[in-house]
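> These are the residues of each chain, in order.
Number of protein chains: 4
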Amino acid sequence: MTANSTNLTRIRVRYCECDPMGVAHHAAYIPWLEIGRTELLRQSGETYAALERSGLLLVVVKLDVRYRRPVRYDDVVEVRTEWSGGSRVKIEHTYEVLVVEPGANTPESVPFVAAAASTTLGCIDRDGKIRELPAWLASAR
Amino acid sequence: MTANSTNLTRIRVRYCECDPMGVAHHAAYIPWLEIGRTELLRQSGETYAALERSGLLLVVVKLDVRYRRPVRYDDVVEVRTEWSGGSRVKIEHTYEVLVVEPGANTPESVPFVAAAASTTLGCIDRDGKIRELPAWLASAR
Amino acid sequence: MTANSTNLTRIRVRYCECDPMGVAHHAAYIPWLEIGRTELLRQSGETYAALERSGLLLVVVKLDVRYRRPVRYDDVVEVRTEWSGGSRVKIEHTYEVLVVEPGANTPESVPFVAAAASTTLGCIDRDGKIRELPAWLASAR
Amino acid sequence: MTANSTNLTRIRVRYCECDPMGVAHHAAYIPWLEIGRTELLRQSGETYAALERSGLLLVVVKLDVRYRRPVRYDDVVEVRTEWSGGSRVKIEHTYEVLVVEPGANTPESVPFVAAAASTTLGCIDRDGKIRELPAWLASAR
Chain G
0 MTANSTNLTR IRVRYCECDP MGVAHHAAYI PWLEIGRTEL LRQSGETYAA
50 LERSGLLLVV VKLDVRYRRP VRYDDVVEVR TEWSGGSRVK IEHTYEVLVV
100 EPGANTPESV PFVAAAASTT LGCIDRDGKI RELPAWLASA R
Chain W
0 MTANSTNLTR IRVRYCECDP MGVAHHAAYI PWLEIGRTEL LRQSGETYAA
50 LERSGLLLVV VKLDVRYRRP VRYDDVVEVR TEWSGGSRVK IEHTYEVLVV
100 EPGANTPESV PFVAAAASTT LGCIDRDGKI RELPAWLASA R
Chain A
0 MTANSTNLTR IRVRYCECDP MGVAHHAAYI PWLEIGRTEL LRQSGETYAA
50 LERSGLLLVV VKLDVRYRRP VRYDDVVEVR TEWSGGSRVK IEHTYEVLVV
100 EPGANTPESV PFVAAAASTT LGCIDRDGKI RELPAWLASA R
Chain F
0 MTANSTNLTR IRVRYCECDP MGVAHHAAYI PWLEIGRTEL LRQSGETYAA
50 LERSGLLLVV VKLDVRYRRP VRYDDVVEVR TEWSGGSRVK IEHTYEVLVV
100 EPGANTPESV PFVAAAASTT LGCIDRDGKI RELPAWLASA R
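Protein chains in written order, with numbering that gives the first Met the number 0: chain G, 0 to 140; chain W, 0 to 140; chain A, 0 to 140; chain F, 0 to 140.
There's no promise every hint is true.
Any copy will do: because identical chains look the same in the list, a pair fits if it lies in one copy or spans two.
Said to hold, decoys possible - With a straight-line cut-off of 25 Å between C-alpha atoms, the simulated SDA-like cross-links for lysine to any residue are:
#, residue 1, residue 2
1, 89, 99
2, 89, 42
3, 89, 110
4, 61, 30
5, 61, 49
6, 128, 112
7, 128, 8
8, 61, 85
9, 128, 5
10, 128, 10
11, 128, 9
12, 128, 117
13, 128, 59
14, 61, 77
15, 61, 110
16, 89, 55
17, 89, 111
18, 89, 100
19, 128, 7
20, 89, 75
21, 89, 109
22, 89, 58
23, 128, 14
24, 89, 51
25, 128, 4
These are calculated hints, taken from the structure and not from any lab test.
Generate coordinates for the entire structure from the input sequences, incorporating the hints supplied.
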């Protein structure tokens, strides 16, 4: 594990991400995880946008989320993303989503862990064929 | 105006489309309008998916919405879409969004008009160049 | 397992649910699962909207998805939802998402399984306290 | 017009906000506008979350957007929000969305104006009754 193996990114919860329960809808967390692993990639010196331009795509093949405590509108969450494994054609990440700065509706002391998650990405080309991860990406891990 | 010039499509409001006010978020209506004009196109015998395969894209250049009364979770709305004008390179639509079947949280008598909208689409190719609408689409109007 | 234990619901993939890869974004599947379990509940004679009005909320505590094959714009998917277990305070569902009607961009023979998923819901009240499922819901399973 | 009358907020375009054309979907801009006016409110010393806690809601009654040039994945946009008018019960805002930092897929020189918009918000209470804006909000304008 290198200095590049963890990323911390803060995201303010949008009003439209919250549902009639007054909390962030469970589907809203999924883009936050994507932002987390994207920023981890950027931290290694490359971007996902550049990877796609080179003809390689990373597609989610597995997604697991455990929701522990609610996140509310205007809370600031911190997504903590780590490379956790993989192979020549796959990357695994784990995530924690913490509330680190509470909005006006969140009474709890912060920080607290709101959710934990893991994903597996597969590397493919534009024709959907499985491809090896580029060397810089495999070594960044 | 032909028999193909109006489309009525019903959509049940999703939980994730509703916000902490307990009503559909104003951004949630925008995909409903897109569904309305897409179904109007399908009614004319073609699909937007096929249009894109042929290399032509319809992009939204103007969007106006007036929100009159709230729409709630599990309501069924009817989107009424009409071709309302255009040119060789543009299509204009107008829309009404009505609540036609109330969910458990909607006390009003139905139907009622919840919103009215209009859009203008421009026809371009994959390089972003303005292109003429295909003949079948111009004549469907 | 009763006649009410499975629900099949068809959903046409929205343009805005698809991403620059030209396929439905992995987050777009999550609302489809919610629609599946909501329709399963409706099939049992009640609605989730009515449950919320009675003061009980069902919150997602666990979500697992396996993405197998891409889903594309204008495809019609069928969500097959089953009650798969639970307790006095939890409900478990399993899901399959199949492409059953292809849009213009989907070359494969249909139907095919695009994804499989499972969720666990916990029953709480508006104060966030764990509550027993109502009898009709426990017996519907 | 006071020092508080304009807000500049930067937002990185999310992958899931982009569509098969490879650009941000037109509906994705709507939450960006909401973020802009929310941050303008925060700049005046209050938050929208606190306003809602006090029992007042601001609902969108009018939304107009002109889309001029595409925004792409990983671009950073700057939303420039201004109070532009209103009454005792309404607030009007105008917006410009500029691309200020290009992602790997955006060839144009930055900054450029991608869209312009305006909204009108009405002030209501939880029963949907029209209410006067609180003094601090009327004077912040």
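> For each hint, tell me whether it holds in the structure or not.
So, going through the hints one by one against the coordinates:
Taking CA atoms no more than 25 Å apart as the test, residue 89 paired with residue 99 passes in neither setting, with 31 Å inside one copy and 29 Å between copies. In the homo-oligomer, the alpha carbons of residue 89 and residue 42 lie at most 25 Å apart inside one protomer (19 Å), although the nearest pairing across protomers, at 40 Å, exceeds that limit. When the C-alpha separation of residue 89 and residue 110 is checked against a cutoff of 25 Å, the pair qualifies neither within a copy, at 32 Å, nor between copies, at 27 Å. Within a single copy, residue 61 and residue 30 get their C-alpha atoms as close as 14 Å, and across copies as close as 17 Å, so both meet the 25 Å cut-off.
Within a single copy, residue 61 and residue 49 get their C-alpha atoms as close as 23 Å, which meets the 25 Å cut-off; across copies the closest is 31 Å, which misses it. Only between protomers do residue 128 and residue 112 lie at most 25 Å apart by alpha-carbon distance; the minimum there is 18 Å, versus 37 Å within a single protomer. Neither within a single protomer nor between protomers do residue 128 and residue 8 lie at most 25 Å apart by alpha-carbon distance, with minima of 32 Å and 31 Å respectively. Proximity of residue 61 to residue 85 under the C-alpha cut-off of 25 Å is found in both arrangements, the shortest distances being 12 Å within a copy and 23 Å between copies.
In this assembly of identical chains, residue 128 and residue 5 lie within 25 Å of each other by CA distance neither inside one copy nor across copies; the values are 29 Å within and 34 Å between. Taking the shortest Cα distances, residue 128 and residue 10 never come within 25 Å of each other, neither inside one copy (34 Å) nor across copies (27 Å). In this assembly of identical chains, residue 128 and residue 9 lie within 25 Å of each other by CA distance neither inside one copy nor across copies; the values are 34 Å within and 29 Å between. In this assembly of identical chains, residue 128 and residue 117 lie within 25 Å of each other by CA distance solely inside one copy; the values are 24 Å within and 27 Å between copies.
In the homo-oligomer, the alpha carbons of residue 128 and residue 59 lie at most 25 Å apart inside one protomer (14 Å), although the nearest pairing across protomers, at 33 Å, exceeds that limit. Proximity of residue 61 to residue 77 under the C-alpha cut-off of 25 Å is found in both arrangements, the shortest distances being 22 Å within a copy and 20 Å between copies. Proximity of residue 61 and residue 110 under a CA criterion of 25 Å is satisfied inter-copy only: 21 Å between copies versus 28 Å inside one chain copy. Taking identical chains as interchangeable, the C-alpha atoms of residue 89 and residue 55 lie at most 25 Å apart only when both belong to the same chain, with a minimum of 12 Å there against 35 Å between chains.
Taking CA atoms no more than 25 Å apart as the test, residue 89 paired with residue 111 passes between copies only; the shortest distance there is 24 Å, against 30 Å inside one copy. Taking CA atoms no more than 25 Å apart as the test, residue 89 paired with residue 100 passes in neither setting, with 34 Å inside one copy and 30 Å between copies. For the identical chains of this complex, residue 128 and residue 7 are neighbours neither inside a copy (32 Å) nor across copies (31 Å), given an alpha-carbon limit of 25 Å. Taking the shortest alpha-carbon separations for residue 89 and residue 75, neither the intra-copy value of 31 Å nor the inter-copy value of 29 Å comes in at or below 25 Å.
Neither within a single protomer nor between protomers do residue 89 and residue 109 lie at most 25 Å apart by alpha-carbon distance, with minima of 34 Å and 28 Å respectively. In this assembly of identical chains, residue 89 and residue 58 lie within 25 Å of each other by CA distance solely inside one copy; the values are 9 Å within and 31 Å between copies. For the identical chains of this complex, residue 128 and residue 14 are inter-copy neighbours only, at 21 Å across copies versus 39 Å inside a copy, given an alpha-carbon limit of 25 Å. For the identical chains of this complex, residue 89 and residue 51 are intra-copy neighbours only, at 16 Å inside a copy versus 32 Å across copies, given an alpha-carbon limit of 25 Å.
When the C-alpha separation of residue 128 and residue 4 is checked against a cutoff of 25 Å, the pair qualifies neither within a copy, at 27 Å, nor between copies, at 38 Å.
The structure shown violates the earlier hints numbered 1, 3, 7, 9, 10, 11, 18, 19, 20, 21 and 25.
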